[in-house]
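Throw the hints in and build the complete structure from the sequences for me.
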Amino acid sequence: MAQTPPPSKDKKIKAATRRQYKSQKQQYYREQQRDQVVAMRKLIHDLQAERQRLSTRPKSKSVLAWKDVAVALKEYADESLIERHSLQATREKHIQLLLQLNKWIAQASMDHPQLSTS
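For the sequence shown, full-length UniProt numbering begins at 1 and goes up steadily by one.
Treat each hint with caution, since some may be false.
[To be verified] With a Cα cut of at most 25 Å, we get these calculated DSS-like pairs of lysine-lysine: (1) LYS25 <-> LYS12; (2) LYS12 <-> LYS22; (3) LYS42 <-> LYS59; (4) LYS22 <-> LYS42; (5) LYS25 <-> LYS14; (6) LYS22 <-> LYS9; (7) LYS93 <-> LYS103.
[Stated by the list, open to error] Pairwise CB distance ranges, derived in the manner of DEER restraints: (8) ALA77 <-> LEU98: 40 to 50 Å; (9) ALA77 <-> HIS45: 23 to 33 Å; (10) LYS14 <-> ASP35: 48 to 58 Å; (11) TYR76 <-> GLN32: 57 to 67 Å; (12) THR90 <-> GLU50: 22 to 32 Å.
Just so you know, the hints here were simulated from the structure itself, not pulled from any lab data. Ideal Cβ placement from N, Cα and C applies to all residues, glycine included.
What follows is the structure, given as structure tokens:
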């Protein structure tokens with residue numbers, strides 16, 4: 001039977017270096033995992049504290065509920081619409097009055113030409 005020659009000193013050193021590198025790499029990976037777990041636990045703690053702070057905070061009386069604001073805006077919009085229709089009707093009446101006055105002035109100037117040549 002042929003025996004394999006024993007590994008040379010260089011091969012042993014390379015193998016040891018490779019094992020050490022892999023060991024350090026694995027150690028670094030485990031440290032990263034631990035650091036992430038610690039960071040996540042801290043984040044959970046901070047978020048729970050924030051949730052607690054927000055849930056126990058007294059409600060401010062100065063803040064209006066959105067429903068109250070919506071009702072007030074609806075009422076304001078309805079009032080504005082009514083006022084708009086009223087103003088449009090008044091405008092139409094004024095236009096009709098101006099047209100009638102123009103006709104009356106034109107008729108008066110035709111009936112009395114001496115009034116228009118002053």
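The hints, checked one at a time:
no.	hint	verdict
1	LYS25 <-> LYS12	holds, 20 Å
2	LYS12 <-> LYS22	holds, 15 Å
3	LYS42 <-> LYS59	violated, 28 Å
4	LYS22 <-> LYS42	violated, 30 Å
5	LYS25 <-> LYS14	holds, 16 Å
6	LYS22 <-> LYS9	holds, 20 Å
7	LYS93 <-> LYS103	holds, 15 Å
8	ALA77 <-> LEU98: 40 to 50 Å	violated, 31 Å
9	ALA77 <-> HIS45: 23 to 33 Å	violated, 48 Å
10	LYS14 <-> ASP35: 48 to 58 Å	violated, 31 Å
11	TYR76 <-> GLN32: 57 to 67 Å	holds, 59 Å
12	THR90 <-> GLU50: 22 to 32 Å	violated, 58 Å
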